[in-house]
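> Join these two chains into a complex; the hints should help.
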Amino acid sequence: MKPMPPDQANAIFVARGLTKIYRMGEVEVHALRGIDLTLNRGELVVLLGPSGSGKSTLLNILGGLDAPSGGEVRYLDHMLTGASEAELTRFRREHVGFVFQFYNLIPSLTARENVAAVTEISKSPMRPEDALALVGLGSRLDHFPAQLSGGEQQRVAIARAVAKNPAVLLCDEPTGALDSATGVVVLEVLEKVNRELGTLTVLITHNAGIADMADRVIRLSDGRIAEIHANAAKKRANELSW
Amino acid sequence: MRALDRKLLRDLWHLRGQVLAIAAVIMGGVATLVMSLSTYDSLTTTRDRFYGEYRFAEVFVSLKRAPGSVAERLAALPGVERLETRVRAGVKLEVAGFSDPITGLLLSLPDQGEPLLNALHLKRGRMVQPWSTDEVVLSDTFADAHRFQPGDTLAAIINGKRKQLTVVGVAVSPEYVYQIAPGAMFPDFKRYGVLWMGRNALAAAHNMEGAFNQVSLTLARGAHEQDVIDRVDAVLGAYGGTGAYGRKTQFSNRFLSEELKQLQTTATVFPAIFLGVAAFLLNVVLSRLIALQRDQIAILKAFGYSYAAIGAHYVKLVLLMAVLGVAAGVALGAWFGQGLSNVYMETTFRFPYLDYRLDAGVILVALGISAVAAVSGTLFSVVRAVRLPPAEGMRPEMPVAYRATLVERIGLQRWFSAPTRMILRHIERRPLKSFLTVLGIACACGLMMVGNYQKGAIDFMVDVQFRQGAREDLALTFIEPTSGRALHELAALPGVDFVEGFRDVPAILRFRHYQHRTALFGIQPEGQLHRSLDSSLQPVAVPPGGVVLTDHLADKILHVKPGDMLTVEVLEGRRPVLQVPVLGITKQFLGVSAYMQQESLNALMREGNTVSGAYLAVEPGMEAELYAKLHERPRVLGMVANKAAIQSFYATIGEFILFYNLVATLLAGAIGFGVVYNSARIALSERGRELASLRVLGFTQGEIAYILLGELALLTLAAIPVGFVVGVGLVGILVVAFQNELYRLPLLLTPENYAMGAAVVIVSALLSALLLWLRLGRLDLVAVLKTRE
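Just so you know, the protein sequences line up as chains A and B, in that order.
Oh and the first sequence: position 217 is 217 in this note's numbering, straight run, nothing missing.
When you read off a place in the second sequence, starting at 1, and then add 242, the result is the number in this note's numbering.
It should be emphasised that the hints constitute simulated quantities derived from the structure, not laboratory data.
Keep in mind that a hint or two might mislead.
Unchecked claim - Across the chosen pairs, the derived CB separations fall in these ranges:
(1) A:Asn231 to B:Leu1009: 56 to 62 Å
(2) B:Trp1015 to A:Ala67: 29 to 35 Å
(3) B:Trp1015 to A:Arg140: 34 to 40 Å
(4) B:Gly603 to A:Glu26: 48 to 54 Å
(5) B:His256 to A:Gly138: 44 to 50 Å
Only a predicted model underlies this, so the values are computations on that prediction, with no experimental measurement involved.
Don't be surprised by glycine CBs; every beta carbon is placed ideally from N, CA and C.
With the rest of the complex left out, here is chain B (with noise of 0.2 Å):
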């Protein structure tokens, strides 16, 4: 081994409190964008696989009913590959001890056979058997829910008709990866279920035998979509057809897809977040690092290396550190990325299983931007040093010009004892140095309070919508629209404090080329329960006549402002097409919607007072009685309970938010402390002969360790507030990143994420000087009166 890459190794050994401190910075960054990448990568990946093998149909259409022999002439169509015709029915379900309204969704499965698209991936059980009249498959997030093994017993009401099942098996279908009642806002898999019977029996309990009203089909090769879908509705608009759709447009496909677009909005923005400042963080530490070995450079120069030995001898010193940093952020990057991905996989991405992938081009950019960060960092120290003369370099640095700080030249410097003033002229004396020193801590500061943001932000988004928007109870919907009458009947309904009725007709809203598939919601103007809100958040009535959007529909979506005229496609009844003007905005965090004055609705429809369900007001303790009421009754179709759908919301992402907060904890605590230390580490190199000498001096421990960890903690409380701007910054940047249709995120940060923040620079502080006050017992005082700096 050659002499240099000898030292090369002691110096990385003797320096090696300060490599662990830098390595555990860009442990932190890479960690952040293995995790992210190799989860998104592997959900990605297995969501492929699971659609190919398991058929996942590319065309979608409901109709009201059509004839078995329509489905040939479907099949015959151009550009249709496979074809299959299902009958769906949306069921209340009853199981034994739980009172809480359940609605399902039942799915015919072919009496004989596989099905041709959207095949089942059995997970325990079996299939129905072929002409059997009461079993039935269920989802499997239904199923563990409630607890279900093949064998038990459920009962359904099919058409109004109660209807015993018999649970033979436990599946999952690409279709309904990620399931949602209508009209929810969350999943709520206790609540709701899909579930699968034979062809036959549900025929025969939904009155559609030798009819379907659902079919699915896959595109021939160089088949165009939107064409298939032309002739495909078509040929149904006599049918009832409700609009043929993509998978774009599948209810689970497109929130799978909003919940990949968004981890890899997290893939891109976390770790972008993460890796620059850990980039930043690596290239100040360094530049001081090499700062401090002038003297060694200048001998390595008198011995008559190159520029480029030397130069290539640091750059080697900090590659390794970086290295180091990789290797380490790899590993947990990957062990977090499995965590992560199963925490997905048991919320959100109901998967069979999971291809679990780290690509190596993953690891390849984090090393790549590692080392770009630690070599220019380096780059920059090393020329300046090397640019010395050796004797120069040899020589000490000349005592650097100090002067009296600003607070002593307005006149207070008699309060401030010499080492008051020690620490406040090194601080002046390099502005630049403790302002980078005070960023980076800020930084760290900063990147705990987004890691924390997200669950005061989901409180307050939750809050928004359910206490000041969606104030109802009970949301029902019947089987069909329906008079408005029948609001009367369930105003009298016992434990009914106020009832509300809306209509909503599926539709899809066009402005130029833009367009988006949803439903007018027709709610009342002074409504009490279901409200828009203005953007200050107050409640607004809906002007009569039009339309009011929410804002991201409006200004991300359809690209639309108040006044203009919006083309909207009913996808019901005579499905005419109407304009409609735009009237407002409204503000929602979740979700997007279409508002309408419900008579307004009703006269674009030509129809009387007509509700398609209503929102409830409940008294407190009445719950049992009237879901049990309503179930009796044969029109209402399904019933969202908000309470409920809350708790199941938190529930669901309780866990997913904690991960996310111990990853961000342990990566800004990581890199927070990587920060501190490192300042303090290399003040103690810069400073230590000063330090030594003033020890020599008669000064006791405690008096050097206040003028050292005194400029320590004046930085470090100076970082808090400028850390907290960082945090609110880089919160925003997460806020403008992850608008979605399914939820905004509000810019809000609560006390607690403050704290976070100061704790973790504090802490990290703490953890800092006491390393430090170690050291500073062990200062060598004898070498202090021989040895110049």
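Same shape as in the complex, but just chain A (with noise of 0.2 Å):
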């Protein structure tokens, strides 16, 4: 591994003059303008910004589910833009855990099994019962979607995605279909990933309330990094309501 800059040895990405433009028929919309970002490692990053300001695109290319129009990204010592279909499968797998908005929970297979679905394809993974302990589901195992609320669901989710011991857990409005008190739960969960296993965590949402709980708070608007805010004394999720 070639060495790297002094500021840059706990980057886990690196992005560098970021452009997105999506063609919408006759019109360019450009959702990124040039951004210029480093993610360290065990961070917890909050995205915040309005609709439309890019966050979204912006973790959608970290994750590697898009490529940006111009400009670089790279993952510790791979470059992810121009990277093969093959090669962003195989990094999602290795290296990103996801959280959606709306759980995507597979409805056929129970909390135990939605975690094992990632951990059977990964090379050294947690666990699911360890997995699900950590989020405190540990007692409800063997239920299925449909039988868990809204948040267990999404701590299910949560779970699923760090089984994998990735290097990065993107979350995208992780709260954003839940109760503030169940949000709370969830965010709790996330904070003690990011503690325990000390994993990059992103966070996207458009609730400035939940900022006060990360390292870093990056602004997003009209496609540009408004600020970047470091959070001298960061909340405890807990302490948060909205």
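Here it is in structure tokens:
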């Protein structure tokens, strides 16, 4: 592995000059207009911004679900820009955990099996039972999604995302479909994962109240980084309210 | 254009793959219907026109010999409109370069003017010149088989005397559209021919000057056929009349009617099966398709569209699909119909022309059935979707409740990976849907088996008939019943291994009000060549003193059972009416027969050891020499060689079967692909989000394809044995529906039938899987993160 510059020794993602242009028929939409960003090991980063600010596009590019129109993005020593579809699939499989707004559990599999579906194809995963215990669902292993509440379903989704021991956890509005009390429980789980496993956690929200639990808050506006703000004293999730 | 209609067209375009697949299913059903019905209509219309234009007679009678003056008495009988007498002669024919025995029938044409009845349609050449002595017109089948052209010559043995004949024309007669040599099972155009020559010349050659031995007549308006027949028989009894009969019994017409009846059965049974299956599939596919539009229906309702408007919208959607399918089906069916009509025209129905017609009613029927099937399949789903409150409809459906499947609960779960469990639980979660999918695929398999069933069945029938029952190499008939001593002469001929005599007596069999005109067949009780078979197809001796009937003749025509007393009205000699007990039933797939012991029959007829003909086993390689010897014997009239008969049978029906197989394969293939592709495509719509989620989580395209296609593969494999059962059931329906006097189909499926059924399903599944694989490559992964289901 080639040596890294000193300021990037801890970097997981390094993005330089990222742009993304969608062609919607005859209109060009500039979703990202030049993003420079470094995300480090163990950080909990909140991406904040209104609809259309480009935060989801950025997350998708970091997660290997989308390719930028310009610029480059690197994961550790792998260049994601220009990688093939098969390489991106392998990247997601081995290094990235996703948490979706609508959980996206497989309804025909139990909580344990939803996690197992991912651990079965990973190199050095946790036991599904341990992952579920981590999110506080050690007693609901054999329940199907239809038998779980929304908050519980989202915690299963988090367990599924972290069970493969990913280097990065990408969460797109993980509390968006939940009430605030349930949302706090989910955030506590994310906080715990970040603290105990040291997983770089990137969390998208348009809810400024959540920003207080982050190490860094990146505010996006109109496809550009408007502000990067490090929390001197971050709050615990259970101190949040919105 | 209204917005909703625009949505309709866009939806159709968006769903074009499925629309085409559904249209293909409808097309398959409609094409069979249109093909069969239009062919039936065309042949019936053509027959009626041909019979009318060429003055086909209504009552026929043969006799030994009557002086010309008797004709005037007959013509004067009440109920007779037009009457014509003829001379007819059974002859042996000689064609240069063809050594097989050829039997012919020579009929007289009036020397002056057109025939009053049974006129000829000249295809080539000209009619015989008045008073010519050697000119003949040939039936077109015989002429075509030997490539006779006007000007060619052939020879006939008429009444033991050889006569050189010159061909002047080739013609078709309404009386001999279907030609079979007496005693033969199948038409053989090379070895049997009908010829017409001038009356004067034929009468001179056949010792019939100033006399006649055949009468045809038409009935006056309002005359009752049976009354006229009785009056004619009363007059001709003294002249050796063998009993007058109507068109219903006339040989060619009877066979044509039977063929048409079968075609009508085909036109009912096959389309009923195909359209029934198509309707069922349409129903399943559409109801699932509409169920997927749940959120759109909720939005339309939220906008304030009425239930009726929404319902009409979806009904229009499916009707457009149905119309597309019907249009394609009618076009394809008409094309197949013309093909089928032409195949019929070349093999069975030798009409001079064909009026191909496609009745508008047929199209309406197709449209009606398809529309009902499509709409009923849709309405249920639309009503269910429309009933939901809009807010609920727009919310995602609750995650459906799953549970561990039976195989897992009994402890096999550790063998299954998560994807495999997904497959199993998905199938078990919706047992009805899975069952219907299996049934749909099974139907395609079954249809394929029905379409390919005929070939094996015919092989089997021919095997039973000619290798179990009628095992003789050669059957010959004498000019008239002869002493059994003639058999010794035959046995002494070179090349003859074995001889068995038979006696056949034309007769009408009656039981209660049922009757059938046939012949009593006297065979040898322990015969080596010609044997009767029991229900397990084992040879069984005919018992003395009574008659053994073919199962179909006993059960379906005469309604008798062993022990009953049959009334037999003999049509030969002194024409006695006798009571004969039914002693047994014999199994026969081709034709129907009434067997007795020859001795018993001789006793009934109060005659000594008398035979009408003989069955011969011929030493291989000696055929040509033996034929030549037999040909020279004046008392030997007709000969039928079994091997040649079977060959010509296969040559005739081969093309027909090929055509039918092709059509059935195409249609079953279309239906099979339609079902499998739609099932898979809908499964993808239902589970696309789930699969895309897994892709995001790092599953490869191959791994998610396993989940989707694994289910398809499992259902397809499960459908194959079910399809075999469906196939056997459909063939069973066919066997029952096709029972007739000419043949009964055996319920017999060959390994090839099963293989073809499975093949159509597997090929459809592979093709669908390929198309689905391409679609899986285009799953939108990003959308999954943002949208709920």
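> Hint by hint, note whether the structure agrees.
Here is what the structure says about each hint:
no., hint, verdict
1, A:Asn231 to B:Leu1009: 56 to 62 Å, "58 Å, holds"
2, B:Trp1015 to A:Ala67: 29 to 35 Å, "23 Å, violated"
3, B:Trp1015 to A:Arg140: 34 to 40 Å, "36 Å, holds"
4, B:Gly603 to A:Glu26: 48 to 54 Å, "53 Å, holds"
5, B:His256 to A:Gly138: 44 to 50 Å, "46 Å, holds"
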